[in-house]
Amino acid sequence: MSEKVFINCTGGGPIRVHVKNGKITRVRPLVFDENDAPPWTIEAGGQKFTPPRKACVASFALTEKERVYSKDRILYPLKRVDFDQNGERHPENRGKSGYERISWDEAINIVSGEMKRIRSAYGPEAIVSRGSSHHNWGNVGYRSSTWARFFNLIGFTDILDNPDSWEGWHWGAPHAYGFFWRLGNPEQYDLLEDALKNTEMVIYWSNDPDSTHGIYGGNESALWRIWMRDLGIKQVFLDPYCNYTAAIHSEKWIAYRPGTETALAMAIAYVWLTEDTYDKQYIETHSLGFDEFKSYILGKEDGVAKTPEWAAEICDVPARNIIALAREWASKRTMLSSGTKGGEGGACRQAYATEWARMMVFLAAMQGMGKPGSNIWGTTLGPPFNATLDFPGYAQGGINRLAKKPAVNPVKQRIYRLLLPEAILNPPIKWMGDGFCGNSIEQQFNKYVYPLPGCSEVKMFYRYGGAFIATMTETNRWVRMYQSPKLEFVVNQDCWWCTETKFADIILPACTNLERNDISEWASAGGYSVHGAGACNHRVIVYQQKCVEPVGESKSDYQIFCELAERLGVKEEFTEGNTEEDWIKIMFDSSDLPKYISFEEFKKKGYYIVPQLENYKPTPSLRWFYEGRECDTPDLGNAKRNTEKGKELGTYSGKLEFVSQSLLKHTPDDDERPPLVHYIPSWEGHQSDLAKKYPLQLISPHPRYSFHTQHDSHVPWLSDIPGHRIWKDGYDYQVVRIHPTDAATRGIQNNDIVKLYNDRGAVLLIAQISERIRPGVVHSCEGSAKYDPLEPGKAGSIDRGGCINVLTPSRMLSKNVPGMAPNSCLVEVSKWEV
Amino acid sequence: MTRYGMVIDITRCNGCYNCFIACRDEYCGNDYPTYSAAQPDKGSFWIKIIEKERGKYPHPVGVAYTPILCQHCDEANCVKAAKNGEIYRREDGIVIIDPEKSKGKKELMSACPYRVIYWNDEKNIPQKCTFCAHLLDAGWKEPRCVEACPTAALKFGDLDDPNSEVAKLVAEGKVEILHPEYNMKEKVSYIGLPKRFIAGTVVFGDTDECADKVTVTISDGQEKETLKTNNYGDFELDGLPSNKEYTVRISYTGYKPQTFKVFTRDDVCMGDIFLTRK
Chain B
437 MSEKVFINCT GGGPIRVHVK NGKITRVRPL VFDENDAPPW TIEAGGQKFT
487 PPRKACVASF ALTEKERVYS KDRILYPLKR VDFDQNGERH PENRGKSGYE
537 RISWDEAINI VSGEMKRIRS AYGPEAIVSR GSSHHNWGNV GYRSSTWARF
587 FNLIGFTDIL DNPDSWEGWH WGAPHAYGFF WRLGNPEQYD LLEDALKNTE
637 MVIYWSNDPD STHGIYGGNE SALWRIWMRD LGIKQVFLDP YCNYTAAIHS
687 EKWIAYRPGT ETALAMAIAY VWLTEDTYDK QYIETHSLGF DEFKSYILGK
737 EDGVAKTPEW AAEICDVPAR NIIALAREWA SKRTMLSSGT KGGEGGACRQ
787 AYATEWARMM VFLAAMQGMG KPGSNIWGTT LGPPFNATLD FPGYAQGGIN
837 RLAKKPAVNP VKQRIYRLLL PEAILNPPIK WMGDGFCGNS IEQQFNKYVY
887 PLPGCSEVKM FYRYGGAFIA TMTETNRWVR MYQSPKLEFV VNQDCWWCTE
937 TKFADIILPA CTNLERNDIS EWASAGGYSV HGAGACNHRV IVYQQKCVEP
987 VGESKSDYQI FCELAERLGV KEEFTEGNTE EDWIKIMFDS SDLPKYISFE
1037 EFKKKGYYIV PQLENYKPTP SLRWFYEGRE CDTPDLGNAK RNTEKGKELG
1087 TYSGKLEFVS QSLLKHTPDD DERPPLVHYI PSWEGHQSDL AKKYPLQLIS
1137 PHPRYSFHTQ HDSHVPWLSD IPGHRIWKDG YDYQVVRIHP TDAATRGIQN
1187 NDIVKLYNDR GAVLLIAQIS ERIRPGVVHS CEGSAKYDPL EPGKAGSIDR
1237 GGCINVLTPS RMLSKNVPGM APNSCLVEVS KWEV
Chain S
497 MTRYGMVIDI TRCNGCYNCF IACRDEYCGN DYPTYSAAQP DKGSFWIKII
547 EKERGKYPHP VGVAYTPILC QHCDEANCVK AAKNGEIYRR EDGIVIIDPE
597 KSKGKKELMS ACPYRVIYWN DEKNIPQKCT FCAHLLDAGW KEPRCVEACP
647 TAALKFGDLD DPNSEVAKLV AEGKVEILHP EYNMKEKVSY IGLPKRFIAG
697 TVVFGDTDEC ADKVTVTISD GQEKETLKTN NYGDFELDGL PSNKEYTVRI
747 SYTGYKPQTF KVFTRDDVCM GDIFLTRK
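If you read the sequences in order, they're chains B and S.
Residues 437 to 1270 in my numbering are what the first sequence lists, from first letter to last.
Residues 497 to 774 in my numbering are what the second sequence lists, from first letter to last.
Derived from the structure by calculation, the hints contain no laboratory data.
Predicted, not measured: the structure shown is a model, and the values here were computed from it.
Be a bit skeptical, because a hint or two may be false.
Claimed, not checked - If you want a taste of the chain S side facing chain B, the calculated C-beta under 8 Å gives, among others:
{"id": "1", "residue": "Ala-518"}
{"id": "2", "residue": "Asn-526"}
{"id": "3", "residue": "Tyr-528"}
{"id": "4", "residue": "Thr-530"}
{"id": "5", "residue": "Tyr-553"}
{"id": "6", "residue": "Asp-704"}
To be verified - Below are the DSS-like pairs computed for lysine-lysine, each with C-alpha atoms no more than 25 Å apart in a straight line:
{"id": "7", "chain 1": "S", "residue 1": "Lys-548", "chain 2": "B", "residue 2": "Lys-456"}
{"id": "8", "chain 1": "S", "residue 1": "Lys-670", "chain 2": "B", "residue 2": "Lys-507"}
{"id": "9", "chain 1": "S", "residue 1": "Lys-757", "chain 2": "B", "residue 2": "Lys-456"}
{"id": "10", "chain 1": "S", "residue 1": "Lys-538", "chain 2": "B", "residue 2": "Lys-670"}
{"id": "11", "chain 1": "S", "residue 1": "Lys-709", "chain 2": "B", "residue 2": "Lys-670"}
{"id": "12", "chain 1": "B", "residue 1": "Lys-484", "chain 2": "S", "residue 2": "Lys-670"}
{"id": "13", "chain 1": "B", "residue 1": "Lys-982", "chain 2": "B", "residue 2": "Lys-1076"}
{"id": "14", "chain 1": "S", "residue 1": "Lys-724", "chain 2": "B", "residue 2": "Lys-768"}
To be verified - Cβ pair distances, simulated, as ranges:
{"id": "15", "chain 1": "B", "residue 1": "Gly-458", "chain 2": "S", "residue 2": "Glu-547", "range": "31 to 41 Å"}
{"id": "16", "chain 1": "B", "residue 1": "Leu-861", "chain 2": "S", "residue 2": "Asp-762", "range": "21 to 31 Å"}
{"id": "17", "chain 1": "B", "residue 1": "Glu-1036", "chain 2": "S", "residue 2": "Lys-637", "range": "24 to 34 Å"}
{"id": "18", "chain 1": "B", "residue 1": "Leu-1049", "chain 2": "S", "residue 2": "Asp-702", "range": "22 to 32 Å"}
{"id": "19", "chain 1": "S", "residue 1": "Asp-570", "chain 2": "B", "residue 2": "Lys-507", "range": "39 to 49 Å"}
{"id": "20", "chain 1": "S", "residue 1": "Ala-648", "chain 2": "B", "residue 2": "Lys-1164", "range": "30 to 40 Å"}
{"id": "21", "chain 1": "B", "residue 1": "Ser-1034", "chain 2": "S", "residue 2": "Glu-661", "range": "31 to 41 Å"}
{"id": "22", "chain 1": "B", "residue 1": "Pro-889", "chain 2": "S", "residue 2": "Glu-547", "range": "24 to 34 Å"}
{"id": "23", "chain 1": "S", "residue 1": "Gly-635", "chain 2": "B", "residue 2": "Ser-1034", "range": "21 to 31 Å"}
{"id": "24", "chain 1": "B", "residue 1": "Asp-1107", "chain 2": "S", "residue 2": "Glu-705", "range": "28 to 38 Å"}
{"id": "25", "chain 1": "S", "residue 1": "Pro-753", "chain 2": "B", "residue 2": "Lys-1251", "range": "53 to 63 Å"}
{"id": "26", "chain 1": "S", "residue 1": "Ala-648", "chain 2": "B", "residue 2": "Asp-1105", "range": "50 to 60 Å"}
{"id": "27", "chain 1": "B", "residue 1": "Lys-1230", "chain 2": "S", "residue 2": "Gly-635", "range": "49 to 59 Å"}
{"id": "28", "chain 1": "B", "residue 1": "Glu-985", "chain 2": "S", "residue 2": "Lys-637", "range": "44 to 54 Å"}
For every residue, glycine included, the Cβ atom is placed at its ideal position computed from N, Cα and C.
For reference, chain B alone in the conformation it holds in the complex (with noise of 0.2 Å):
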């Protein structure tokens, strides 16, 4: 047979997928042909920046050949061998137990079985689900579409999902500058091109965009940062880790201890207003308790300046160096880089992170947020982008919005994700917030039960796609959640076995988005992050051909709602008549995409390159707030824009809020989140007594080779890659770096495998030594795809998968602000013999 060519799409980008008898050969970055629209070019400094007429892909995106036909994927349905649904059901060896095959009709039976003698029982509200971020791709078949549409029709306990990879910013950052609708990161249009002729310095804190790329822009702004450095732009960085992007770009490198960012921040505040070289005007006319704020900063509500010297002691970066880069910031037009989207990072996921959030964006306002070359900035974010064609994101709703009858969740009872070991184990529980809070500020006021007056706690756990072991924090927690016999029912619906599969009853294989249709557009998730396709350097929207037949008996997650749908009698509402063809074809006619491309020949290219606008005219991210006019960006979930109040940033009170509002009228008598910001020590840090024990902090980013659990060792050829993991007697060890001074004093040499722990768990990895960890700090990543304890099933046990979460706390950022912290985490290694 010859050779096909198909489009699909990753979360790190559109691939050309060639296929051969039936089996893909090879996975290529989508080259753009000569009919594609052409790109833009940005000219400043006297040259020309064109990006390349190709998808710059992530690298995991090239390994879709190899995910696909990966050893971990689950090929048939299964049943756990000691699961009787109809006799003992042995939960208690759930994660221990083998697996045995079963045909599609008897575990459809026992699912949807399941399903109806629990609801019966005790209601909708007894079953709980949810899916995981990234592990597929497409609007028709992903979760957010077909997941969400089966859930809410039959109704369910749904959980709330933290915001885990921007607590700090999410929980803080909109109570100083509103863009609750984009979940507290700021809008990004047109930085690209305002950074490159107009600013001198980047300074990114905590923010590794080589790494975390704008979430789904693969490599694709990579090139932005060459530019800016062929253009003699300095680039800072501020991390504990001379990260991935710091280690080709750095020129300064100030590496803080975790934990003390606020202290940093608070520092620099103090010399500009002692040095006076700050943007008076703007704070006058542009912010609201800037005199409480500077009052604080110099010392006068609690007799401590927050002075260089005063920061110096407790971040342990000297003086001079917090006043040189103080005095550096002031003296040139600075984009401040504090996370992929602008606000993410590191130093979000800690203890009182809310408060870092809020001075990253003092501080950029104090040297005036929006003036040309001035602004937060994550350097992923905001080429020149045709913001006039409409089409939606994955997150937008998927099919359950262009349904004729949207279902919507009868059930009103909700768990927060990261209390859901704690709702099936100990209940009642209790918490403030929704989760996304993308709807208005005063969603993070919410109160919450579990379970709700009147309803029935969960009895069963439908667990789709991905991962909380290994993403959330304090792993054995899960593991004794799933070992409860509170949970009488579990279902793991996922296309590879992940970290938490083999703790379900009842296993069923989803077929990839590679193995069937769909459509999409690269990188746009919509709704909360609106513009999400500004990420990447062309908006590439693709028809996601099927490239080759579901792998073993997997099917694809609307065909298996489909068939429960069958089986609960819903599954005319369900499909409304409707296959995914159909439904593909609705949501493509619900776009703008009929005014510029066919269906059929959308489908048979399988791509269609967005054009740039003629005449393009930029309108940078609060230009308009800085220069006092309503608000000119494409920026949708501002409510306040085409209004009276179009001026007006979206806090309370429309300015930049030194002292929040919102805070002020919600909880005013917080002190882990008060109205005015503050320095508060980390409950978790080098000052805790418990550093006496475990003196090093550990920081576990993202990884740089994976997007958290959904690639990693489901891949080996990642398991090659040196910083990622490295095999070692016999196993791919997950890699800690550890700087050389605190590996001598412990006796670990380089490729050593060592023990991490410290009370609520322990984890064996590869020691990488290096200079790259500044000392007292250790480093590894997020996200193993692997959960391995030596002692399976068993809460406790040590983990050699690199499930680095089983040592985070499960504690919440502060009091009122249920975010996670696993960056506030002190550990002890030492070197592991068998």
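Given the structure of chain B, go ahead and fit chain S onto it with the hints provided.
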């Protein structure tokens, strides 16, 4: 005549490993008869990235990524060592290990001083990069690693075509050979290969301030470079040869000058240097 070659600009490499993954994708599970047998899923690095960590905490630290693949030498030791045509050079300059003839010839691995030939245990053959010759013969313009490179750190083309980018870079004298001492007429050349640097940070000892604009002279006895510290008191001179002694003199009006002898066995990080008043 076409003579394929590659220029690798290390200053543009961010260590994304797309080249490595694309190579695995092209060759793992795929036989290309007469060109190459399938590459094993693990342990072979037809394009290998050498990560050299440079410097010491707290300043300065960085990484130089040097991708190493078959250099497709015009005077290749491996071709000479292969007495029965197991390894040969094509007319377009690409060096190929014949996947049939080379069976069992483990000794051919050590013929290459660059160590880019890998042993395939299962197939019992030596293997290496082919510049994706099977694709070029099918009309492709560049190998998979080059197509997958997002920053144009890898550049591929005809060294005999004066208009090709690679030929221009070579002609402009911007490139160097990884190991010119091997005298093998390599067709892969590099821009920005890591050398040695001498770096330090100067502090005014009396005020504990970063010592900006301090004069630093670095001399090897014959030639002398003069530079100024920056606003953090940092200075760095890169591009120096290894294993050489240098004299570093630090001076600033009103302060006692200091002189150090350093040796570029590795990058030299002098750490904080405190100046005292005269």
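Hint check:
1. Contact between Ala-518 (chain S) and chain B, as hinted, is supported at the beta carbon level, the nearest pair being about 6 Å apart and thus within 8 Å.
2. Among the interface hints, the one on Asn-526 (chain S) holds; its C-beta lies about 6 Å from the nearest C-beta in chain B, closer than the 8 Å criterion.
3. For Tyr-528 (chain S), the interface hint is violated, the least distance from its beta-carbon to any beta-carbon of chain B being 11 Å, above 8 Å.
4. The criterion of a C-beta within 8 Å of any C-beta in chain B is not met by Thr-530 (chain S), whose closest approach is roughly 17 Å, and the hint is violated.
5. Hint status for Tyr-553 (chain S) relative to chain B: holds, with the closest Cβ pair at about 5 Å, below 8 Å.
6. A distance limit of 8 Å between C-beta atoms decides the matter here; for Asp-704 (chain S) the minimum to chain B is near 6 Å, and the interface restraint holds.
7. Annotation: proposed proximity of Lys-548 (chain S) to Lys-456 (chain B) is violated, straight-line Cα distance about 40 Å (limit 25 Å).
8. Our distance criterion of 25 Å between C-alpha atoms is broken by Lys-670 (chain S) and Lys-507 (chain B), whose separation comes to about 46 Å.
9. Proposed proximity of Lys-757 (chain S) and Lys-456 (chain B) is contradicted: the alpha carbons are some 64 Å apart, above 25 Å.
10. A hinted pair counts as satisfied when its Cα atoms are at most 25 Å apart, and Lys-538 (chain S) with Lys-670 (chain B) does not qualify at roughly 40 Å.
11. For the given pair, Lys-709 (chain S) sits about 17 Å from Lys-670 (chain B) by alpha-carbon distance, which is consistent with the 25 Å threshold.
12. With a C-alpha separation of about 22 Å, the suggested pairing of Lys-484 (chain B) with Lys-670 (chain S) holds against the 25 Å cut-off.
13. Taking the CA atoms of Lys-982 (chain B) and Lys-1076 (chain B), the gap is about 42 Å. The hint is violated against a cut of 25 Å.
14. This hinted pair checks out: Lys-724 (chain S) and Lys-768 (chain B) have alpha carbons roughly 20 Å apart, not beyond 25 Å.
15. Here the CB-CB span from Gly-458 (chain B) to Glu-547 (chain S) is close to 38 Å, well matched to the stated 31 to 41 Å.
16. One distance hint, 21 to 31 Å for the beta-carbon pair Leu-861 (chain B) and Asp-762 (chain S), is violated here, with the actual separation near 53 Å.
17. A hinted range of 24 to 34 Å holds for the C-beta pair Glu-1036 (chain B) and Lys-637 (chain S), which are about 30 Å apart.
18. Under the hint 22 to 32 Å, the C-beta atoms of Leu-1049 (chain B) and Asp-702 (chain S), about 59 Å apart, miss the expected range.
19. Remark: the range hint 39 to 49 Å for Asp-570 (chain S) to Lys-507 (chain B) is upheld by a beta-carbon distance near 42 Å.
20. The hint said 30 to 40 Å for the Cβ distance between Ala-648 (chain S) and Lys-1164 (chain B), and at roughly 35 Å that hint holds.
21. Taking 31 to 41 Å as the suggested C-beta distance range, the pair Ser-1034 (chain B) and Glu-661 (chain S) conforms, at roughly 38 Å.
22. Checking the proposed 24 to 34 Å range against Pro-889 (chain B) and Glu-547 (chain S) shows it is violated: the Cβ atoms sit about 58 Å from each other.
23. At about 30 Å, the CB distance of Gly-635 (chain S) to Ser-1034 (chain B) agrees with the hint of 21 to 31 Å.
24. Take Asp-1107 (chain B) and Glu-705 (chain S): their Cβ atoms lie about 36 Å apart, and the range 28 to 38 Å holds.
25. Take Pro-753 (chain S) and Lys-1251 (chain B): their Cβ atoms lie about 57 Å apart, and the range 53 to 63 Å holds.
26. With their beta carbons about 56 Å apart, Ala-648 (chain S) and Asp-1105 (chain B) fall inside the hinted range of 50 to 60 Å.
27. Between Lys-1230 (chain B) and Gly-635 (chain S) the beta carbon distance is about 58 Å. The supplied range of 49 to 59 Å therefore holds.
28. Evaluation of the 44 to 54 Å hint for Glu-985 (chain B) and Lys-637 (chain S) yields a failure: the beta carbon distance comes to about 32 Å.
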